Amino acid sequence: MVYSIREAAANNLKRFAEEFGPEWAMQHLVPQVLDMVTNPHYLHRMMVLRAISLMAPVMGSEITCSKFLPVVAEASKDRVPNVKFNVAKLLQSLIPIVDQSCLVDLSEDPDVDVRYFANQALRSIDDAAAAQS
1 MVYSIREAAA NNLKRFAEEF GPEWAMQHLV PQVLDMVTNP HYLHRMMVLR AISLMAPVMG
61 SEITCSKFLP VVAEASKDRV PNVKFNVAKL LQSLIPIVDQ SCLVDLSEDP DVDVRYFANQ
121 ALRSIDDAAA AQS
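No gaps in the numbering here: position 101 of the sequence shown is 101 in the UniProt record's numbering, and each next residue is one more.
Keep in mind that the hints were calculated from the coordinates and are not lab data. Everything numeric in this text was worked out from a predicted model, so none of it was measured. The beta carbon of each residue, even a glycine, is placed where N, CA and C say it ideally should be. Heads up, some of the hints might be wrong.
In silico DSSO-like cross-links for lysine-lysine, where the CA-CA straight-line distance does not exceed 30 Å [unchecked claim]:
#, residue 1, residue 2
1, Lys77, Lys14
2, Lys67, Lys14
3, Lys67, Lys89
4, Lys67, Lys84
5, Lys14, Lys89
6, Lys89, Lys77
7, Lys77, Lys67
8, Lys14, Lys84
Cβ pair distances, simulated, as ranges [what the hints assert, rightly or not]:
#, residue 1, residue 2, range
9, Val104, Ala131, 28 to 38 Å
10, Ala131, Pro40, 18 to 28 Å
11, Gln92, Pro31, 20 to 30 Å
Full structure from sequences and hints, please.
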C-alpha cells in the first residue's frame with residue numbers, strides 16, 4: 001500500500017513535468033525532490049531515485065547530466081544496500097538519455113564516485129556499440 005503511494009507520487013511528478021515542461025519542473029519540482037536524497041529514511045531516498053528514473057526522459061540530457069547524475073552518484077555512497085542497488089538500476093536506465101559528451105565531462109569531475117560512474121556508463125556505451133557492429 002505505502003509503496004503504491006510512493007509510486008503514484010513519482011508518476012505524478014513525471015506527469016507534471018510533461019504537462020508544464022522541464023523549465024517549470026526545474027523551478028517547482030526538481031529542487032524539492034533532490035533535497036529528499038539526504039532524508040534519514042531510506043524509503044524517501046529511494047523515492048528520489050524512482051522520481052529521477054521517471055523524470056529524466058522528460059527533462060532531457062542536459063538536466064539529467066547537470067542535476068540528476070550528481071545526486072545519483074551521491075546516493076551510490078548510501079549506507080543502505082537497497083538504495084545502492086537502485087542506483088545501479090537507475091544508472092543503467094539513464095544511459096540512453098545521457099549525452100556522451102556529458103559523461104566525458106563527468107569522467108573528469110573532482111568527485112571520485114562521479115568519475116567512476118561516468119566511466120562505467122561510457123564503457124557500457126562502448127560495449128553496446130561493439131555488440132551492434
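Taking the hints in turn, this is what the structure says about them:
| no. | hint | result |
| --- | --- | --- |
| 1 | Lys77 <-> Lys14 | holds (26 Å) |
| 2 | Lys67 <-> Lys14 | holds (16 Å) |
| 3 | Lys67 <-> Lys89 | holds (18 Å) |
| 4 | Lys67 <-> Lys84 | holds (18 Å) |
| 5 | Lys14 <-> Lys89 | holds (18 Å) |
| 6 | Lys89 <-> Lys77 | holds (15 Å) |
| 7 | Lys77 <-> Lys67 | holds (17 Å) |
| 8 | Lys14 <-> Lys84 | holds (22 Å) |
| 9 | Val104 <-> Ala131: 28 to 38 Å | violated (21 Å) |
| 10 | Ala131 <-> Pro40: 18 to 28 Å | violated (42 Å) |
| 11 | Gln92 <-> Pro31: 20 to 30 Å | holds (26 Å) |
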